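J.: If you want the building blocks of each chain, they are given just below.
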Amino acid sequence: MSVMVDRNTQQVPLIEARGVRKHFLLRPGFLARTLARAQTKIVRAVDGVDLHIWPGETLGLVGESGCGKTTLGRVLTRLYEPTAGEIYFEGHPLRGDKVMYVNGDGREEVHFYRLAQIIFQNPYSSLNPRKTVRDIIGVPLRYRGITDPLEREEEIVRLLRRVGLNERHLDAYPHQFSGGQRQRIGIARALAMRPKFIVADEPVSSLDVSIQAQVINLLEELQEEYNLTYLFIAHDLSVIYYISDRVAVMYLGHIVEEGPTDALFESPKHPYTQALLAAIPRVNKKARRERIILRGNVPSPIDPPKGCPFHPRCFAKKGRICEEEYPPTFQVGEQRVACWLYDQYPVAQPRYTTTGTREEDHD
Amino acid sequence: MSDTPLLEIKNLTTIYPTKRGNVRAVDGVDLTLHEGEILGIVGESGCGKSTVLLSILRLIRKPGRIANGHILFKGRDLLTLSGREMREIRGKEIAMIFQDPLSTLNPAFPVGEQIRESLRLHHIVNGRLPWPLDRAARSKEKEIVLKIMEEVGIPSPMDRYRSYPHQFSGGMQQRALIAIALVCGPSLLLADEPTTALDVTIQAQILDLMRRINQERGTAIILVTHDLGVAAEFCDSIAVMYAGRIVEQGPVDQVIGNPQHPYTQGLLESRPRLGERGRRIHPIPGNVPDLVDLPEGCAFAPRCPYARPECTEGPIPFYPVGENGHVARCILHA
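Protein chains in written order, with this note's numbering: chain P, 1 to 363; chain R, 1001 to 1334.
I should point out that these hints are in silico values taken from the structure, not numbers from a laboratory.
Note that the coordinates shown come from a computational prediction; the quantities given were computed from them, not determined experimentally.
Please note that a few of the clues may not be correct.
[Stated by the list, open to error] Label pairs and their calculated CB-CB ranges:
1. P:Arg-158 / R:Pro-1017: 52 to 58 Å
2. P:Gln-176 / R:Pro-1130: 40 to 46 Å
3. R:Gln-1215 / P:Ile-302: 35 to 41 Å
4. P:Pro-129 / R:Tyr-1164: 29 to 35 Å
5. R:Gln-1215 / P:Ala-84: 49 to 55 Å
6. R:Gly-1325 / P:Ile-302: 50 to 56 Å
7. P:Glu-220 / R:Leu-1332: 54 to 60 Å
8. R:Gly-1028 / P:His-175: 42 to 48 Å
[Said to hold, decoys possible] Computed footprint of chain P on chain R; a stretch qualifies when at least three of its residues, placed anywhere within it, have a C-beta under 8 Å from a C-beta of chain P:
9. 1222-1229
10. 1260-1271
Note that beta-carbon positions come from the ideal geometry of N, C-alpha and C, so glycine has one too.
One chain only, chain R, in its complex shape (with noise of 0.2 Å):
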């Protein structure tokens, strides 16, 4: 691992703008992440989690738009990059998987065509010929197509090469999503809640296959979920989102074990725990706010049990707790 790091997010704001105001999806987040290493992102529904995922590749529709910041990717600033530019990034650099597998594959065009499409975007089989022509640079690209496929654990890929997505349980059309992200070989890859929408033997069984793809290729991956079970598990270090802003980062035994975030600790009391009968959930009272009308300070302040005046006056920079990188932004740490 080299000392630069792979990805670097700096002061990120992504804003929508809406009828009653601008909601500021992602507000300030900083993240760092090396090559080969796993974070994860976590938080419940408009966090902003996605938005984050979504802003790295400049996937924002109008009329949303970034509205400050940088992102550096091996030390060049994506957000100044051309449209062109950009396409040479996604899908070869960067890619990206999405949760429901069946939405984004397209359900016209046979799975291998799909994974093709890819290699032939990004001319990583270089012809000589106009490609319409030049068989022999076709018959290479199936030849990876199929073993990409083979790699990602689809059985019979010269069967299945042909198969449309709805023919694919949903187990397979996420590693055929897989297959698609991977066959240019990026470095890195976002993923964004890829197993929710499965059965949890299947969930094992696609986040192995994440792991071995890390292991052997040595992609670095960001993993968006909900599922603090799956952060703790998969993640090297982790993030956790409220409101747009990233409100505890570390490595993910320390935020996981020694979670210094009100916010955090609330999400793990709030969760049935395995080997603990009668221990009671206590749910976080209230709801996520409104991100058009966010208070001063800190988000979580109406909902936090330890919340004191000084938590909505202004700004919360981040305080550093326990060891490695571990900071919460909270002054409960200053």
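The shape of chain P in the complex, shown without the other chains (with noise of 0.2 Å):
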């Protein structure tokens, strides 16, 4: 089994994905199916999506309703376990719901969810309105092996507090907190396991500027402190650009384009980033792009055009071959691109290494 390593650091990437799909299956019901003949129809909700992640590093992953963003983050911390391709944590691959994990004191085949966690991006919905906030942060401890209700008690405070509130909210009830102190709730809780992963679901979309700053702010203090990596999914790109080292943009179940995020905003390569790109609203006018207004809508992942999903609505489509063909990934400069445009470039190599397996695989 090849391992991903980079040919300069000998690093291993900290989340790997590779040739990751989800398709979800539409069946119709008993009677749509005899009387009307109707057929199960597939959502490629994620169509073969190849990603890695650094240690510490946030990655940007944006894109519109129905790319799949949310659908990824949910395969990647294993809520959805997916239809096709692998997934690496530090080069060891998941299997089930577990994965081989190494560290000082030597190795252990630990539950995914000890590693990799999620914050939603609903705070309304996503915390138990049946559960005080003292449960809601509480559960995960005890998966997390502190079995002493005083000892969690203790970790539960010192949580809240990390996150801006404190121990006179144990006994409160989700309802009785406003959005951003609801997306803190539920920041504490992703952090109780203690995990080196985190994937931030959309964690500020729907908190008010003021509000989005300050918790801006405290998931970035947080990365700092517990050394965490996040994959950061938003469709608000000022937010984006601000909190991403790199950016990998989606298109109908696609990674489209990929690389760090000053090259990816200053000069984009897809036509559907750029298009992306001269659409948000700009507050200095020196900044803002020519308008480029796409035509017609986000397509549906159900029906996917054959060959490069944003042929339909692509301004600079360069003829028949992406009408019939899917691009391959090119390395352009410092980004990767999936477009027909880039041919001339090389195509994207991953890093692997020669030697290919890890010497612990071998015990």
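Combine both chains into one complex, guided by the hints.
T.: As structure tokens, this is what we get:
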């Protein structure tokens, strides 16, 4: 089994996804099937994604509704099992919901939820309305192995304080909090497992501007303090720009462009990325781009077009090839772009070592 | 553009009584809008911006009520009109579009019919026979509806006339709402966060459409939004609201480029800005105040880095700052 290793630094990504697909089946009811011969349809939410996230970095994932970013985030935390493809944690493959975890003390097979957690988008529906804050944060602590109730209580209070709440809130229920506060409870819950990797799925989208800033700053501080790696999913490009080291752009289940934040924002290569960036309303007049108004709507992942998924709306379409074949990913400077416009560039190569397997796997 | 403003709001106060006391959702607001102008009202949730729009159309539900003020539309005070007279205005002279199209469109009726309903209620097409019998009038109405569906960018209007709202995407639904609003040719369009629920590329399309409507039909627009970027790109002038009051107002270049009220400055500071990588964002500390228990003087004082004792002594008037009618409600500029 080959492991992805950076040839220069010999570093292994914290998270690696190879050929990940997640399809959902839409099965019509019995009558629809027998009387109307209705077919089962497939929603190709994530349709062949290769991704890697280095330890300590924040990868921003952007895309519009229906592009599959939330589904990808859930597959990477194993809330969903992928339909196809593999996920690796520090070079070790996930087997079911477990993975081999190696640290200074040795190695053991652990549940992936010990290592990867998620913060959900909607602070109103992601907290159990019938549980108190103490229970919401206490349950993961029990799974972490803190059996003594007093010790647990201490840790819950510590976590609450760290996210800007306090012990007065222990016996309160979610409905008694504001959106921003609920989001903080969600963050405390994710931290309770002491994970290494957190998927933040649009954590600030439903918050007011001034509260957004507070939560963004909190997430950044926590990343430093706890040495976390983030996959930050958002549709707000300004927030992505601010918080991400690298950015991946998704469209209809595929990653169409990926690269360092500055490079991607300054010089977007894929036509979709260009349109996306041009569509952001800017406060600063000088920063405004020439408008690219995309025709048509975001298509449905149930019936994706053949060839490049973006071709029906593409303003830079090259020709027939865009309609017939899905483009390979080309390495264009610092960015990787899946677009036929760049076929004069080399195909992006994954950086695998030649020696292949990790020695630990021989035990 | 004539000299008489299209809309003049004077000292508008709208109150919602609650068990704990009166919530002054809108507290002494003055606004002026000329024909063909685009005004933005910017603020966070609960600042009263949506309530201002609802007050203009007198859509405030009991027990809420407009407690004070005048709303002059083409010279007439809307607050003195009868129910019947107000119904002539709503949808025909002043129209409104809301944030979430799926909750404002009727799921049980085809979209084309919903657009036509506005024409019918306002008797735009006058027939001699009662409506159900007058085929000529009905087909004229349908023609107008198809034309406006095309104008707002709904493809294949003939086919989509009979579609239901759930068969449209979010962007299309919003276009349908805009069609309903415009079909009777109003001179003023009130838009309450029309693009917040939409993806950024669709948002760009809808704002583009609204700009075209403003340029081609001369329709004045009041756009309520929490997004300063949208306001900066789209509006001619903006008013920033906080806790029911306007705290800063003026031409958009002035207010955004040279904000003079600490709250406006705070809002601009707390947003990440593209192209400025190393810049830290500074959130405004604290929370929006409880609108029942508003302190004397400036409502922003508890969160303001420049607050002085005089800030909470009494009501703060507007002071001129910058040019062209740029004003800020802050004693720093006294």
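J.: Each of the hints needs a verdict: does it hold here or not?
T.: Cross-check of the supplied hints:
1. Evaluation of the 52 to 58 Å hint for Arg-158 (chain P) and Pro-1017 (chain R) yields a failure: the beta carbon distance comes to about 43 Å.
2. At roughly 57 Å, the beta-carbon separation of Gln-176 (chain P) and Pro-1130 (chain R) lies outside the given 40 to 46 Å, and the hint is violated.
3. Gln-1215 (chain R) and Ile-302 (chain P) have their C-beta atoms about 38 Å apart, which keeps the hinted 35 to 41 Å range intact.
4. Taken as a hint, the range 29 to 35 Å holds for the pair Pro-129 (chain P) and Tyr-1164 (chain R), whose Cβ atoms sit roughly 33 Å apart.
5. Hint check: Gln-1215 (chain R) to Ala-84 (chain P), Cβ distance near 50 Å, so the stated range 49 to 55 Å holds.
6. Hint check: Gly-1325 (chain R) to Ile-302 (chain P), Cβ distance near 53 Å, so the stated range 50 to 56 Å holds.
7. Between Glu-220 (chain P) and Leu-1332 (chain R) the CB atoms are about 31 Å apart, so this pair departs from the stated range of 54 to 60 Å.
8. About 33 Å separates the C-beta atoms of Gly-1028 (chain R) and His-175 (chain P), a value inconsistent with the hinted range of 42 to 48 Å.
9. For the segment 1222-1229 of chain R, the proposed coverage by chain P is satisfied: 4 residues have a C-beta within less than 8 Å of a C-beta in that chain, meeting the threshold of three.
10. Counting residues of the segment 1260-1271 of chain R whose C-beta sits closer than 8 Å to any C-beta of chain P gives 5, which meets the bar of three, so the coverage hint holds.
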